[in-house]
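**Student:** Sequence:
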Amino acid sequence: MVFLSIFRNVSTMYTRKTVGRCPKPDKYWKRSMYFRMMWKYYGRRQHIYSIGAPMVHRALRYSTKSTQLKKKYMREMWTMRLGAACNQHGIEEDELLSSLTEANIPLNRKVLTDLSIYEPRSFQSLATFAKQRNEQSGLSDALKPTFTGILTHGHDGDKKK
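Heads up: the sequence shown begins at 1 in full-length UniProt numbering, then just goes up one per residue.
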């Protein structure tokens, strides 16, 4: 007589090893991971898994979105601050960046913004260097807009004919 009922009682962990798959993690460890993330919630959200787990999923989803938005916001802020710092020193932002890259000075917007805030004299020297480099190469004259008159697009303003 062959006893096949013993194989039904064997844990799936042992049978999965024979098949070649990894064992499933224990349910306790999954729940404990969620409880570690639910510590900050108030009331039943903190102590009951079925109520707190969706809140953890929601928080993780929002953290992913906010990480992407933070990167975008920081890039915009660096551009805005760098533009303001360049205007103080009388140079355009694009002129500064192009002349620094041509001179093999690898400084990005973040570093230039930090320099303009925390080391204004260093940023001033970089701005004067960029101005001199543009004047030597003749770029400054080409980049400046020249207006011969006021463009009205066919409107004479308050003049009546």
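FYI, nobody ran anything at the bench for these hints, they're computed from the structure.
One or more of the hints may lead you astray.
With a straight-line Cα cutoff of 16 angstroms, these simulated EDC-like cross-link-like pairs (lysine to aspartate or glutamate) come out [stated by the list, open to error]:
no., residue 1, residue 2
1, 110, 93
2, 131, 92
3, 72, 94
4, 110, 135
5, 131, 94
6, 110, 94
7, 131, 95
8, 131, 93
**Student:** Confirm or reject each hint.
**Tutor:** Evaluated hints:
Straight-line distance between C-alpha atoms of residue 110 and residue 93 comes to about 13 angstroms, which keeps the hinted pair within the 16 angstroms bound. Restraint check: the Cα-Cα separation between residue 131 and residue 92 comes to about 9 angstroms, which is no more than 16 angstroms; the hinted pair holds. About 20 angstroms separates the Cα atoms of residue 72 and residue 94, which puts this hinted pair outside 16 angstroms; it is violated. A C-alpha spacing of about 26 angstroms is found between residue 110 and residue 135, which places the hinted pair above 16 angstroms, so the restraint is violated.
About 12 angstroms separates the Cα atoms of residue 131 and residue 94, which keeps this hinted pair within 16 angstroms; it holds. Distance check on the hinted pair: residue 110 and residue 94 sit about 15 angstroms apart at the alpha-carbon level, within 16 angstroms; holds. For the proposed pair residue 131 and residue 95, the alpha carbon gap of about 8 angstroms is at most 16 angstroms, so the pair holds. In summary, the hint linking residue 131 to residue 93 is supported, as the alpha carbons are separated by about 11 angstroms, within the 16 angstroms threshold.
Checked against the numbered hints given earlier, the structure breaks hints 3, 4 and satisfies all the rest.
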